Amino acid sequence: MSDNANIGVFICECGDKIAGVLDVPVLVEYAHTLPDVTCAEQAGYWCLPDGIERMRALVAERQLDRVVIVGCAPRTHDALFRRALDGFTNPTLVSITNLRDLCARPHVNDSQAAMAKACDQIAMVIADLAAREAISPRVAHITPHAVVIGGGIAGMTAALAISEAGISVTLVERESELGGGAIETCGERSRTIAAIQMQNRYLSAEGQPAKAGLAMLLQRIHSPDIRVLTSTTLASVSGTIGQYRLALSNGDIVEAGAIIVATGAQSNFQSPTSNFQHTAFVLCDISPEQAQTCTHTCCLTAIRQATEIKRQLPDANAIVFFRELYTAGGAYDDLIWEARQAGVNFVRYPAGQMPQLARGEIVTHDELTGREVHMPCDQVIAVQPMLPQPDAAHLAEMLRLPIYSNGFIADTRVRLRPSDRIERGIYVCGAAHFPCDANRAIFQAYSAAARAVQHIQRSEIVNHAPFAKIDAIRCNGCGDCARVCPFAAITFEPRVSSRLAAIDSLLCTGCGNCVSACPVKAVQVPSATDEQIEAQVRAALGRQGDRETGRQRDGALAYLSTCLPVYLLFACEWSGYSAAEIAGTRGLTYPASARVIRVNCTGRLQPGLLLKALEMGAAGVMVLGCAPGVCHYEQGNERAAAVFEQANALGHLMGLDSRLALKWIPPDDGAVFVRAVQEFVDATRNT
Amino acid sequence: MSYTTTLDQTIHTTGVLRCLECGKCTAICPIARYDGGFSPRVTVGRALVRRDEELLRDDRLWACINCFQCSQVCPANVDYSALTTAVRVEARRLGQAALCTHGEAIHVWMRMMTQPALAQNRLDWLKPVNSQQSTVNSRALFTAHCSLITSTSSDTLYFAGCAPHYDALFAPLGVQGTRVAQASVRVLNALGIEPVVLADERCCGNDLLWEGDMDRFLQLARLNAEMIRASGVKRIVSSCPECVRALKVDYPTYGIQLGVQVVHLSELLVDLPSSKLAPRGTQHAARITYHDPCRLGRHLGIYDAPRKVLEQLGYQIVEMRHNRRNATCCGTNGWTHCGAANKAIQVQRLREAKATGAEVMVTACLKCQIHFKCALMDAQMRDTVGIEMVDLAELVAARF
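Going down the list, the sequences are from chains A and B. If you use the working numbering, the first sequence closes out at 687, no skipped numbers anywhere. If you use the working numbering, the second sequence closes out at 400, no skipped numbers anywhere.
If you're looking for bench data, these hints aren't it; they were derived computationally from the structure. A hint or two may mislead.
No more than 25 Å apart at the CA atoms, straight line, and that leaves these computed lysine to aspartate or glutamate pairs for DMTMM-like [claimed, not checked]:
no., chain 1, residue 1, chain 2, residue 2
1, B, Lys276, B, Asp250
2, B, Lys373, A, Glu175
3, B, Lys373, A, Glu638
4, B, Lys373, A, Glu493
5, B, Lys276, B, Glu311
6, A, Lys211, A, Glu175
7, B, Lys373, A, Glu372
8, B, Lys127, A, Glu638
9, B, Lys127, B, Glu54
Keep in mind the model is a prediction, meaning the values are calculated, not measured.
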């Protein structure tokens, strides 16, 4: 905290939405009594042009270095005020607290208690701001070069699309020739029936037979902007966002701003050749569990191939033996109709009893007719699900990409404000991501290439979001932080008898899960420290001291003697806090004894903090976070649940567990929030 | 009674004035070895010349782990530990404080235990032990499916301490403090003792005292003393060396007289009834090494009792390079100010354990076990110096 902090408090009347419920002049007077506040003013609407002008003038005149706006919602007005004050004061030291939706509106029927809460709310935001460190912006410089890993259909399509945008590409292919999974079906030497029509704008406007399509790609890929390296793999990756250094197996080091993973999948099914009379396609015996990760690719491929056989050789037999038919809906369902029209037969076999091949016949039990079926057969295509590449896990680890439970490589999907996160510039497309047919792979390749081009064309990205810092003296290398980081932003450097954590400030979003997990307080997010959170708790509970000492305050501050028990709600801004604001906008009411402390992620909390709030006199402490599966920081709510369990265990030891609660709140349901708060207040009142 | 000793008095009573400035304290200090900013000699020097501001505001004041190695080698008998405690009490008055670990959870809990009216639930661990087993090297140890018997009229009180309750925070490290407490009572039962266990037991206060929070230490001590006196016991036994030290040494030092004998569990086990002991069995490791906890060893002088117990159980003890009065600390510091230096201390000790070739390291202090297991959370340490750990009480209980 700065020793000479000059805090300006700008309280908004918000028309009569605040002024109609709360006594604003009294709040201004109260703000003046708080430490470090050198300016406290009110206005009808600070957000209107004349309000902004007046605010800027005051900031300049009084040399305010930190500014608090007491008014309405951060999500609507945060950016407005930060932009308005840019150049007048550090925008990362501007805070806004929602007095309208968290105080005036929900407690409209209890203005006495609402005033007490309003004073607390102002004290809390000031306490938080006073202890905050300014956030230094970080800049990511994006190298204007892309690396595509994998030279199959998806990889080549992506490489061509990127080079078309004027960006040079290195294409790295493990095998000695390009083409990937398509070589066997569509390659020059292939005699199989490639039943797909490839829709690829590099070939023609219409779909092209796959063989011609692949041949065209192979021809076009040899362009001056694309460096093709076959029999080469990725050995290691280092560097940070925009400046990756890829060490290849041939000894080359390539610097790139974007990486596209197009390494495809292992397909175990052969493709049929057309010189057989009776072709049987046997689809996999899929279990309900496997159905969840079914790729809907193999069935389609087999059906297409069977149809193609019938079209090329109307007298030949093509039979599809299936357990289930998964065709991914839409136009794909028509494929079955077309297949039957062309004369393909479909036979459903019982679960656990795959058709058997014996003496030139395929034998199975047909579930539809209930009879045993014998069919002559001289070509069996066993259609098995695609599998991830054997090195997929290793590649994902090198690139710090998550893996699905079935082993395929996931894209990082993080739902944060775009300004709070710099995209990593690593994209996954095609069957490497999830098994798919060539057309889907091509579509994904275009999409990945477009994102890569957009990323590289930004050339320089500035991030103002908070980020974590390591204290080298404290860090003991235990690794708890890296285990909980949703963004894989933490790595380790060797050290005597230990290792030292290092945080990539470009990857870090300041979620604070590491702060929570660290047992020795070796990591902090300087703009959201433990001290700041505790200062808010103290401010919310500060007047407990008055109640205990029986101290009376004078005149305008007499509202403060209406002391209620205080319930602290640690609410994550993506769920609990936003639900609280919505409750206010909808005019729902709940006890004014509840004070909301906004955190960016509930995974930031620690058991000690929750218990300390009880120690300091809170009547109850509740954590409100995103439900499992929808956390904006991927798994912050898992951390929160673990934290709560620990706090609850210690609370139980002291007979205080009834005063602790954890609730998952949807972000947009004010009624759920109100119910949760009311239930909690009622429950603790009865203990 | 409140604590009113001043820095002036402390300097006299702790022998600071005798300091020869020889530097042996700093040479042996395990923290100073890894943290160049910490020096016992400099701290004593500051006290000597009364550079109070530097003394009280030095953030390294909180780095000392109270292992007693310095006072053991000091030729002038300076009581560094007592000096540190007293200076910390003073520093706290200036608003200085130790940096708490684990998000301050343990400290908040310890502080809240000073409130007289607290509806604690401390006895869940006394419920009958079920088939969840203590294991070492995946071999079952303490498997007794039994009830733990306590009474209200014994002359022995088992002071459980906070160990059974640390599992909430340290279970992910593979620590089972509850098992240690259960094993201890099982062992006492097997010896014919049905101990008193206080339902409203409070933290012994060792950590708060070491941190300089004298008022709260005294408050905890008073609450415990009242209950202990009311119980009518003649003797207190604990499996935690820090609790033993607090009850036996610190309470009387600061004016709280319990009027009872205080012993560590190992002291009661030196003469085990061998006829009642089940055979060791080949599935248990024969070669073990024993880690002397600082609070049991250098603080209380108990080195032989745990070893006698292990020998009776048929174990062959392979001593670490530094053992008994030279044993090195586990880096514990009352859940404060932990960092890279503490980790280095732990790794060094684990290296010594590994070098003995023993499969298992036995210790008689749960905090030692927690701290070593924390060091092994570092995956690369697990590979190089990982070793199984078990508490003495569990080994004994497994044989009854």
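Now the hints, each set against the structure:
no.	hint	result
1	B:Lys276 <-> B:Asp250	violated, 37 Å
2	B:Lys373 <-> A:Glu175	violated, 46 Å
3	B:Lys373 <-> A:Glu638	holds, 23 Å
4	B:Lys373 <-> A:Glu493	holds, 21 Å
5	B:Lys276 <-> B:Glu311	holds, 16 Å
6	A:Lys211 <-> A:Glu175	holds, 19 Å
7	B:Lys373 <-> A:Glu372	violated, 63 Å
8	B:Lys127 <-> A:Glu638	violated, 30 Å
9	B:Lys127 <-> B:Glu54	violated, 51 Å
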